[in-house]
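> Sequence:
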Amino acid sequence: MKILPEISRTLSEYLLIPGLTTEDCTPDNVDLGAPLVRHRVGEEPGIRVATPMVSAIMQAVSSPKLAVALAQVGGLSFIHQNQRIEDQAADVLVVKRHKAGFRTSEITVAPQTPLGEVARQLSEAEQGVAVVTQSGDADGEFLGVISLDDFHVERHGVSETAGNRMRGRAGLVTAPASVSLSEANELIWQHHLDVLPVLEDGRVVSLVLKKDYQAHKTYHRATVDSGKRLRVGAGINSRDFKDRIPALMEAGADVLCLDSSDGYSVYQARTLEFARETYGDDVFVGAGNVVDGRAFRYLADAGAAFVKVGIGGGAICTTRAQKGIGRGQASALLDVVQARDAYAQETGVYVPLCCDGGLLNDSHMALALALAMGADFIMLGRYFARLDESPSRKLQIGSQWYKEYWGEGSRRAQNAARYGQRGQMVFEEGVDGYVPYAGSLYDNVERTRTKLTSTMISCGSTNLRDFHRDALLVPVSAESFKQTGAEVQLRQPTIDSGE
-10 MKILPEISRT LSEYLLIPGL TTEDCTPDNV DLGAPLVRHR VGEEPGIRVA TPMVSAIMQA
50 VSSPKLAVAL AQVGGLSFIH QNQRIEDQAA DVLVVKRHKA GFRTSEITVA PQTPLGEVAR
110 QLSEAEQGVA VVTQSGDADG EFLGVISLDD FHVERHGVSE TAGNRMRGRA GLVTAPASVS
170 LSEANELIWQ HHLDVLPVLE DGRVVSLVLK KDYQAHKTYH RATVDSGKRL RVGAGINSRD
230 FKDRIPALME AGADVLCLDS SDGYSVYQAR TLEFARETYG DDVFVGAGNV VDGRAFRYLA
290 DAGAAFVKVG IGGGAICTTR AQKGIGRGQA SALLDVVQAR DAYAQETGVY VPLCCDGGLL
350 NDSHMALALA LAMGADFIML GRYFARLDES PSRKLQIGSQ WYKEYWGEGS RRAQNAARYG
410 QRGQMVFEEG VDGYVPYAGS LYDNVERTRT KLTSTMISCG STNLRDFHRD ALLVPVSAES
470 FKQTGAEVQL RQPTIDSGE
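At position 280 of the sequence shown the residue is numbered 269 (the working numbering), and the sequence of numbers has no breaks.
Mixed in with the good hints, there may be bad ones.
Derived DMTMM-like pairs (lysine to aspartate or glutamate); straight-line CA-CA distance at most 20 Å [unchecked claim]:
no., residue 1, residue 2
1, 231, 270
2, 54, 435
3, 54, 201
4, 217, 271
5, 440, 20
6, 54, 95
7, 231, 262
8, 54, 126
9, 54, 214
10, 200, 138
11, 200, 113
12, 200, 432
13, 54, 128
14, 440, 459
15, 231, 266
16, 200, 183
17, 54, 113
18, 199, 172
19, -9, 281
20, 217, 239
21, 54, 75
22, 231, 75
23, 383, 113
24, 199, 139
25, 217, 189
26, 199, 95
27, 383, 393
28, 54, 432
29, 440, 17
30, 440, 455
31, 217, 175
32, 199, 175
33, 383, 432
34, 199, 138
35, 231, 271
36, 54, 377
37, 54, 393
38, 231, 76
FYI, nobody ran anything at the bench for these hints, they're computed from the structure.
All chains, full assembly: derive it from the sequences and hints.
Structural data, given as structure tokens:
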């Protein structure tokens, strides 16, 4: 037995001391970009994100819809692996079909679909146009498009069919899959179009909408690959990886991540070895979770693209209570960051760190990112679960709106394989509950970016590397918490984006 000579500390036990804010410290000069995967020191990483936020590998969080939105604002999502391999691969493919400025059609109907049903689907999905195919399936033969401008249910009747009111393919301007965004926009303005279907082998692969023109300029931070397709990650496990990894690679996943509450194992090393031997440098696989330098070095030596830090610090995680393992997130980060920096100096290879868990609000993010303690990017579950784009249900309890949120270690997730409990959930390592609804991902991420930028300016830094190097932190006493926690009666109840 060995007892570490430390107190396990959380992120909320520290504050940042302001640094000198110079003339260069302006919002336009602050760069929140971070490497996502391992690379040689001094060289550019294979994948970089402009917004250092990724979504947790969870059923209640990472849907294709959220993955598209997060990639558009510069982050990246990891499609959860607690599903059939073919279903996860299909989710990845949905995101990869979405090029920056191009959107996949969320609604596809058949020519015999009643207008009442078309109107209902468009309204529920908050979409302006539906694709009409012969079979009614997304990969069916393209026949035309129909929007709310093409019919009125009171005038034409709810029983009238989409085929009789659609704009047929013969009268539409279309473009091939090879079209660039600038070329697509040129066609839209030249021909006065509201929608431009992009076709491949007679099937719609994406749509370019006139109303998205300004949005294309707004999403200038989008995380895209060399073909301008949005990037997306996917979770894997150390059991069916020999089947799951090939399927996800075939679907186009840009980066994979082992999903486990405790990553310091030979099973993760074997998974990393398989990926490296099978795909070489063409695959990036993150690993974890870990809470000390020993575990980091083990996974880094095994070839991890990045390493996740944190055990038991998540809002819906009960690993510490159930198994007695874990470490305060601040203590874990400080230890692993030291190991990462030493590893880079010794080997010339930089392995990014992902802070996963223990982030209760935006100020904690500022501490967790390389901003202060040295993480390169952060993985968030509860933060994204609250938003419109997450796949969980939105419901009202009393006067407050909530969204459902459950952990991958909960009984609801039915993720027995993840914890090796002989095919059944003997005990849970997560809870099932609700989080206050917080609106749009786009609004919330922009607010978080603004807060992080403001923090860096106050500390005199314009990029994350400098922030980590120059950050000065101080432990906070219990009395300090009392001083900032005096009760104040607010005029109106509010929900901050990070709370």
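> Enumerate the violated hints, using their earlier numbering and listing them in ascending order.
none
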